[in-house]
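Protein chains in written order, with this note's numbering: chain E, 1 to 500; chain F, 1 to 500; chain V, 1 to 500; chain C, 1 to 500.
The set of hints was computed from the structure by calculation and includes no laboratory data.
Mixed in with the good hints, there may be bad ones.
Straight-line alpha carbon distances no greater than 30 Å define the calculated DSSO-like cross-link-like pairs of lysine-lysine that follow [what the hints assert, rightly or not]: (1) F/K143 with F/K120; (2) V/K414 with V/K324; (3) E/K89 with F/K469; (4) V/K26 with F/K38.
Protein chains: 4
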Amino acid sequence: MGLRTGDQYVEGLRKRKHVEIYVMGKRVEDVTAHPFLKPSVKSFKATFDAAFDEDTRGLARAYSPFIGEVVNRFVHIHQGPEDLVAKVKLLRKLSHKTGTCFQRCVGWDALNTLYIITGKIAEREGRREYVERFIEYLKYVQKNDLALAGAMTDVKGVRTLRPSEQPNKDAYVRVVEEREDGIVVRGAKANITGIAVVDEVIVMPTRAMTEKDAEYAISFAIPLDTPGVKVVVGRQLNDSRRFEEGEIDGLPYMFNHEGFLIFEDVFVPWERVFFYKEWRWSGVFVEVFSNYHRQGYAGCKSGLGDVIIGASYGLARRLGVADKPHIQEKLTEMAFLNETMYSAGLAASWEARKLLRDGGWWVNPMYANVTKHLVTRFPYEISRLAHDIAGGLLGTAPSEADFKNPELRPLLEKYLQGVPEFPAEERLRLLRLLENTSISVAYLIESVHGAGSPQAQRLSIQRVYDFQKVEQIASSLAGIKTAMAPDLKVEPHRQTDSEK
Amino acid sequence: MGLRTGDQYVEGLRKRKHVEIYVMGKRVEDVTAHPFLKPSVKSFKATFDAAFDEDTRGLARAYSPFIGEVVNRFVHIHQGPEDLVAKVKLLRKLSHKTGTCFQRCVGWDALNTLYIITGKIAEREGRREYVERFIEYLKYVQKNDLALAGAMTDVKGVRTLRPSEQPNKDAYVRVVEEREDGIVVRGAKANITGIAVVDEVIVMPTRAMTEKDAEYAISFAIPLDTPGVKVVVGRQLNDSRRFEEGEIDGLPYMFNHEGFLIFEDVFVPWERVFFYKEWRWSGVFVEVFSNYHRQGYAGCKSGLGDVIIGASYGLARRLGVADKPHIQEKLTEMAFLNETMYSAGLAASWEARKLLRDGGWWVNPMYANVTKHLVTRFPYEISRLAHDIAGGLLGTAPSEADFKNPELRPLLEKYLQGVPEFPAEERLRLLRLLENTSISVAYLIESVHGAGSPQAQRLSIQRVYDFQKVEQIASSLAGIKTAMAPDLKVEPHRQTDSEK
Amino acid sequence: MGLRTGDQYVEGLRKRKHVEIYVMGKRVEDVTAHPFLKPSVKSFKATFDAAFDEDTRGLARAYSPFIGEVVNRFVHIHQGPEDLVAKVKLLRKLSHKTGTCFQRCVGWDALNTLYIITGKIAEREGRREYVERFIEYLKYVQKNDLALAGAMTDVKGVRTLRPSEQPNKDAYVRVVEEREDGIVVRGAKANITGIAVVDEVIVMPTRAMTEKDAEYAISFAIPLDTPGVKVVVGRQLNDSRRFEEGEIDGLPYMFNHEGFLIFEDVFVPWERVFFYKEWRWSGVFVEVFSNYHRQGYAGCKSGLGDVIIGASYGLARRLGVADKPHIQEKLTEMAFLNETMYSAGLAASWEARKLLRDGGWWVNPMYANVTKHLVTRFPYEISRLAHDIAGGLLGTAPSEADFKNPELRPLLEKYLQGVPEFPAEERLRLLRLLENTSISVAYLIESVHGAGSPQAQRLSIQRVYDFQKVEQIASSLAGIKTAMAPDLKVEPHRQTDSEK
Amino acid sequence: MGLRTGDQYVEGLRKRKHVEIYVMGKRVEDVTAHPFLKPSVKSFKATFDAAFDEDTRGLARAYSPFIGEVVNRFVHIHQGPEDLVAKVKLLRKLSHKTGTCFQRCVGWDALNTLYIITGKIAEREGRREYVERFIEYLKYVQKNDLALAGAMTDVKGVRTLRPSEQPNKDAYVRVVEEREDGIVVRGAKANITGIAVVDEVIVMPTRAMTEKDAEYAISFAIPLDTPGVKVVVGRQLNDSRRFEEGEIDGLPYMFNHEGFLIFEDVFVPWERVFFYKEWRWSGVFVEVFSNYHRQGYAGCKSGLGDVIIGASYGLARRLGVADKPHIQEKLTEMAFLNETMYSAGLAASWEARKLLRDGGWWVNPMYANVTKHLVTRFPYEISRLAHDIAGGLLGTAPSEADFKNPELRPLLEKYLQGVPEFPAEERLRLLRLLENTSISVAYLIESVHGAGSPQAQRLSIQRVYDFQKVEQIASSLAGIKTAMAPDLKVEPHRQTDSEK
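Model the full structure from these sequences, guided by the hints.
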């Protein structure tokens with residue numbers, strides 16, 4: 001049936017053949033045992049376990065009309081606004097369990113995007129081959145509960161040039177050969193979340209295109225162990241600590257990872273090609289995907305915000321200041337900022353749009369962009385407040401090794417203690433947790449750049465907001481009869497949408 | 001049937017007897033003809049016309065199960081989340097028509113609050129007299145489509161003292177005599193929106209109380225022309241201009257008004273008393289009402305934001321700068337801030353709670369408070385950006401009278417013109433509109449204080465957010481076993497909730 | 001000697017002949033008696049009285065080496081950093097006395113700018129006629145302690161076109177005829193502070209120019225009663241209240257005014273022409289002036305901030321909440337924001353630059369722009385906090401007339417009272433003061449647009465900050481050898497500097 | 001003479017005996033060779049080299065009247081406002097050379113504080129033993145150009161209790177024995193900047209005290225190799241990378257460190273005791289020191305801001321987007337925020353106060369607090385903007401080891417390249433620099449907590465701002481005669497000043 005346990009997922013990773021993954025310059029044999037990637041495996045695994053854990057199974061399961069079975073929600077095609085709402089609620093809960101990004105959303109959003117784009121091409125242009133291939137693929141994914149990554153962001157070379165204008169022709173992933181049984185692709189995708197710990201990856205175009213860019217307008221899915229696929233895992237803050245022993249400093253937490261995905265002339269069979277030279281649809285593709293992904297941030301980042309607020313409150317209690325007015329002021333501000341992000345995501349979900357005749361439930365694009373744009377700002381503010389509450393020790397606390405040194409331990413226990421009922425070690429644990437969540441790639445940089453940079457959301461908001469209409473409203477109130485504004489909306493070429 | 005036209009409403013106002021209303025020290029005979037109050041009548045009237053206008057009738061009508069008829073939504077008891085959503089959507093549209101507060105929400109929210117409070121007392125304590133009286137009153141209101149004000153905020157004397165502790169015993173409205181046929185009340189309510197142009201007013205308690213405050217824990221409804229009721233209308237920015245002639249400077253716009261409502265030993269018959277000495281329920285009363293009202297701000301203030309953005313965009317076009325990057329940056333920021341407020345209100349509506357066995361649909365308290373708290377901040381930022389775009393002329397533009405002076409007019413037309421296709425007068429009209437919306441009591445001060453001051457929302461957010469739970473989440477991630485936080489939540493006495 | 005009393009200034013205004021001033025469409029005979037302009041006269045007058053008042057005479061007097069006498073600082077040429085520091089300190093104190101803009105800075109800054117520009121042309125190009133004419137004029141101004149306005153902002157027509165490209169050739173003030181004894185000018189200047197209550201006005205160019213714009217590159221000074229000069233006074237928030245009787249609502253405060261200054265072919269004799277067809281120096285002219293003026297905002301706006309903080313604190317005391325933590329939090333934030341603006345202005349003064357061989361003390365351009373840019377933001381935030389503290393009554397308080405109505409007065413005194421030791425009338429007075437300062441053209445719109453819009457400061461900051469150098473610093477730390485950044489600085493054409 | 005070279009400083013560190021320093025649980029033999037501490041030694045060393053480098057020697061040297069020689073400014077007693085200005089200017093330049101905190105300010109500020117406090121006790125109470133001992137010590141420090149740390153922050157136990165009330169009597173450093181030749185102290189100080197790489201440390205009290213706390217009111221200086229002194233160096237973000245090989249990822253940068261300083265019954269001879277049981281002066285001590293230190297942040301943090309802006313601009317150029325309006329907007333905003341912090345610090349310096357009859361030049365307390373309070377906010381905003389410009393790769397870039405893997409290198413060079421003229425490696429180098437500056441303890445957490453938490457500055461601002469006076473100003477403008485505000489200023493007990 002369409003539900004794997006977390007252990008089955010981990011087992012599956014071990015069965016991948018020939019995956020070519022590099023961490024800090026060295027090839028990794030087993031991602032599930034590697035100190036750098038294990039925390040990432042654990043976090044991804046949580047998405048499978050969620051379908052069995054009592055407190056999340058209601059949210060994490062959904063009935064798929066495609067295979068007539070219950071599936072893990074992370075491979076589900078949204079059947080209505082309630083499904084979109086369930087998405088953000090599930091993501092918040094999963095952040096509570098992982099304390100980081102669990103990396104399975106991009107693939108999920110890619111599935112829903114392909115469902116709409118292939119469906120739309122069928123509806124509008126009568127060409128059904130894409131949607132048919134995709135539905136077959138979807139069934140396969142759902143039946144096997146696959147772990148998917150999604151790869152959109154090209155490396156992009158000179159940012160101001162289109163794919164076909166680049167000095168480096170491979171600056172965007174492209175088709176270098178068309179064969180009877182499929183295509184051969186070359187190029188690289190950057191910032192690919194969770195890429196080393198998935199079964200398959202769905203590749204998508206990253207911007208609007210013109211006819212000259214047709215060879216770049218492609219989308220397909222392949223297993224990660226396809227020949228010619230290379231993954232170079234990126235660095236993270238504090239990553240070297242993962243190689244330390246110990247259960248406090250040695251980063252016992254889960255982490256996400258992101259990586260560089262390189263295609264060295266990789267063959268993709270036709271049945272896995274869902275979009276080919278469809279440059280006209282490329283901008284829409286990016287828009288549909290981005291907004292799905294922007295909505296999701298409401299859930300995962302507010303969940304991470306909860307962890308940070310919780311750690312801050314815990315530290316305040318250990319210092320005996322949790323009831324001081326200025327501390328309560330800060331805690332309340334953090335909660336306010338956090339819930340603002342979340343509520344925008346709920347609005348983006350409840351006010352969903354149906355893009356296909358028989359479904360294709362998409363988020364509300366205005367509120368999805370509002371959500372993500374808030375997420376590009378508020379986490380830095382929440383972190384700042386958390387650091388304020390935590391005290392300077394957040395940046396100066398001794399190491400776990402100091403704490404375990406028998407000569408130092410009694411001194412540190414004596415001097416790190418705040419309110420007597422809490423052991424000093426708890427304070428140290430909360431400080432380390434706060435350090436590694438509030439100052440993490442997942443909470444800061446990813447909040448800025450995931451699902452498109454701040455500027456991408458601004459362009460979307462500018463397109464979606466109806467300036468013409470509001471000028472008419474104002475003109476009417478001002479007693480002006482004739483003012484009709486030309487359309488402020490820029491050409492929907494979308495190219496900046498996924499640009500950083 | 002339960003729907004009046006705007007004209008019928010205005011006609012109704014004229015039929016009120018003996019209303020004792022003062023504007024700038026003088027008694028007003030006919031509010032519908034008075035220059036100070038006419039703009040307020042027009043704005044209130046829009047809520048009636050909405051039920052007939054093509055673009056709003058869908059939203060502005062609702063079916064009432066109480067009288068088995070279609071009623072104006074402004075007297076409707078919400079039957080589910082969709083009704084709460086319809087509320088904010090309707091309010092946004094009405095702001096587009098009025099450019100100001102239309103003053104009918106407080107009475108509406110009071111009806112829904114009384115429905116829940118009287119219903120709750122019946123459910124919990126078996127006492128049904130309140131709910132029965134209220135349902136009778138509700139039917140009367142719905143059948144006659146009455147214009148209602150709601151009066152909550154007492155004058156409060158020394159803010160830090162409870163009603164019974166005040167040096168001035170009448171600092172909160174109270175019962176001074178209990179008679180067989182009813183009660184006699186004394187005191188005053190401040191900041192009462194729309195009070196001079198309604199048929200009736202619903203009076204509510206303004207804070208949590210103790211047993212000693214029992215005589216202050218009352219709620220009732222009376223016609224505005226009840227003997228002993230005095231209304232002193234408050235000043236507004238630019239109000240004296242209403243007495244000027246002219247169609248540009250003479251404030252041809254609609255406006256809201258707020259007033260002081262004084263009860264000089266006013267008799268209220270029992271059938272209009274819905275809450276009497278129920279001090280235990282007083283805090284809950286305030287909370288239920290406040291959150292209804294906080295949710296509503298998402299609609300009206302974002303609608304007003306649209307007007308301000310529209311005027312700013314119109315001015316930018318007239319200066320020829322609408323396509324400059326820094327202007328688009330500002331317009332986009334305004335739209336972003338505006339939609340953030342709105343989306344929080346949508347979340348507060350969709351995530352509604354059912355408080356009674358058979359209904360009693362209430363907003364989500366977290367998102368309602370988030371909504372209002374955003375509204376206490378963002379309008380000042382939107383105004384600042386609007387002023388930036390509009391240019392310094394916003395504060396220095398000549399008067400309409402200058403413009404109409406035949407000697408000056410050609411000079412002003414010549415020198416005030418920006419882009420040639422737009423007459424200079426249009427620029428002047430948009431400047432005046434922007435001045436009187438972006439710098440208005442409705443958009444600034446009311447955004448801060450309506451439905452409770454910022455601090456009231458902060459206390460609510462602090463109560464609703466579960467700090468204990470998030471500390472447990474953080475502790476669990478940090479490997480701490482035992483940390484159980486005592487409840488941060490302060491005693492739910494609510495007294496600060498409606499304080500400034 | 002070079003010092004007039006305030007009364008002498010007022011007397012001087014009455015002696016002006018033929019001034020053609022319009023207020024609300026009507027010609028004004030005596031500005032010192034007109035309800036609309038009297039508050040402005042009083043505020044300007046304070047700059048004269050300051051030279052005699054005990055608490056300000058030390059700051060308000062300076063020794064002029066040009067006439068060998070003590071002069072009012074408002075006509076002084078800065079002789080070193082201490083003079084620039086004295087400027088901002090004096091302005092802050094004067095705001096305390098006036099509660100508004102006192103309107104004499106623009107003329108003062110114009111004098112200092114002309115001293116530098118004419119001096120610079122002499123130093124660089126050997127042409128001394130401008131500086132000689134100017135020094136003669138300066139002596140005349142200092143000896144007679146004249147009240148000067150400065151007029152820079154042209155009406156500008158289509159913002160994106162240069163003067164010579166405009167469809168309306170008079171969109172910028174220009175020379176239409178050159179005669180043996182002088183020039184004839186035509187055009188209009190907008191937003192001219194204090195223009196109706198001065199003796200003379202100094203006209204300046206508003207932007208960088210090209211050779212084609214030469215006829216627009218002019219600066220001169222003329223008495224306000226020169227034939228062909230028309231002044232149309234602009235409206236202000238709440239302005240109509242000035243026509244009311246009464247000492248509370250009738251705006252007993254001082255106010256500034258700004259106006260439209262129209263030149264209908266006005267003759268200017270050569271000895272009053274200080275800059276003629278000097279298009280190459282036009283951009284620098286604007287830059288020198290703007291930065292002087294931006295520095296000054298540190299003083300006047302922080303002084304106004306003090307008034308607003310004082311009124312807020314006074315109201316908090318009257319409600320009995322001045323010691324509540326959240327109120328103290330807000331008061332402290334207001335003080336912090338206010339002192340931030342002020343300290344930037346002090347830095348701009350102390351870090352002055354000497355532009356001429358023998359003086360020409362100018363402000364530091366980076367910190368002057370930082371000062372003004374802070375001023376475009378923080379007053380809105382300070383106002384918001386003031387409104388928060390003041391309570392909703394700020395937007396709903398009854399009128400003075402209500403208060404004086406014998407029937408209403410006892411009721412209002414009873415119900416408006418907070419802490420018993422303060423009469424209700426004091427609360428009303430503080431509310432009106434706060435309304436008319438925190439929501440005034442002087443504190444909001446002028447803070448945004450005076451001395452150039454926010455965008456003008458941003459361009460200046462971008463020009464002054466050395467991006468090239470900091471890239472080198474970063475490159476060196478990163479171990480990059482060769483990175484030399486091309487100059488980010490945009491062409492110094494300055495045209496946006498004094499734009500809207 | 002009183003000037004050592006950097007190399008002499010390093011040599012001096014090697015000559016310390018018996019220092020007991022722990023890093024990650026292990027005793028460190030030679031701090032100058034230890035991978036964790038070497039970057040810190042280099043940064044501290046820069047303060048010595050500055051006195052010889054051509055571009056800084058003018059700022060870094062000063063003439064000491066105490067020893068009649070030129071000394072390194074870092075051991076200089078300020079002789080006037082110019083010295084205070086030179087301080088912030090020097091600190092900014094040193095940040096450019098180090099890219100981090102150079103750790104010598106605390107000791108410097110401690111010297112100046114002791115000069116004032118001991119001098120003040122002599123002036124006010126006639127007791128000259130402290131000042132005499134201190135001057136002797138000062139001469140010794142100046143002649144030998146010692147590297148000093150300053151230790152103020154006690155571990156503080158339960159934050160809400162005074163020293164004498166703590167369950168742990170050693171929660172604040174205290175005298176446990178008084179001997180004929182000196183005192184014996186016990187306790188610990190936290191967050192001590194640069195502690196492992198100094199010659200001596202000056203210990204100071206951390207809060208205002210009462211008579212019962214007398215044994216805690218002490219200040220003294222001792223060499224770091226005094227028996228009983230233990231240092232436990234704290235962790236930093238990314239610290240484990242220092243153990244990696246390599247010149248890009250292996251953190252080739254300088255870093256600061258902070259540590260835990262433990263006194264296990266350490267003997268201090270009387271000649272090194274500068275303050276003993278002087279509980280009455282303890283609050284003032286903290287205030288004098290804190291404001292010195294708060295002023296300094298203007299220099300070092302704006303210098304660090306320059307590095308971050310430079311790296312961001314360099315990255316924008318490598319992506320080809322440096323001239324895009326939204327990128328320029330962000331760069332300009334960063335510069336504006338950065339210069340705001342700096343200009344407040346200049347004001348704090350120029351507006352210095354003289355606290356002793358013969359000197360004792362102190363900063364202006366209002367502007368020093370404004371400076372530091374800005375520093376607690378703006379770096380987070382600057383970092384956010386830097387991350388926005390840098391792109392997502394900031395959090396996902398491959399490692400140096402990947403880059404050096406011969407198989408991966410050509411691929412990474414191909415795909416990481418932006419604008420062709422810049423090698424991909426430069427981009428990687430700038431990304432790592434930006435990661436390790438914009439997300440560092442020095443730029444974020446230290447900016448919040450150094451020299452006292454944000455709340456400490458707020459209390460100072462509240463004390464220094466004259467609320468009483470501004471209420472009088474407002475009352476006078478409002479026509480209120482009698483309003484005299486009681487003093488808002490809280491008791492100057494100072495205890496919160498150095499609290500978090």
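Do the hints match the structure? See the list:
1. F/K143 with F/K120: holds (24 Å)
2. V/K414 with V/K324: holds (24 Å)
3. E/K89 with F/K469: holds (16 Å)
4. V/K26 with F/K38: holds (28 Å)
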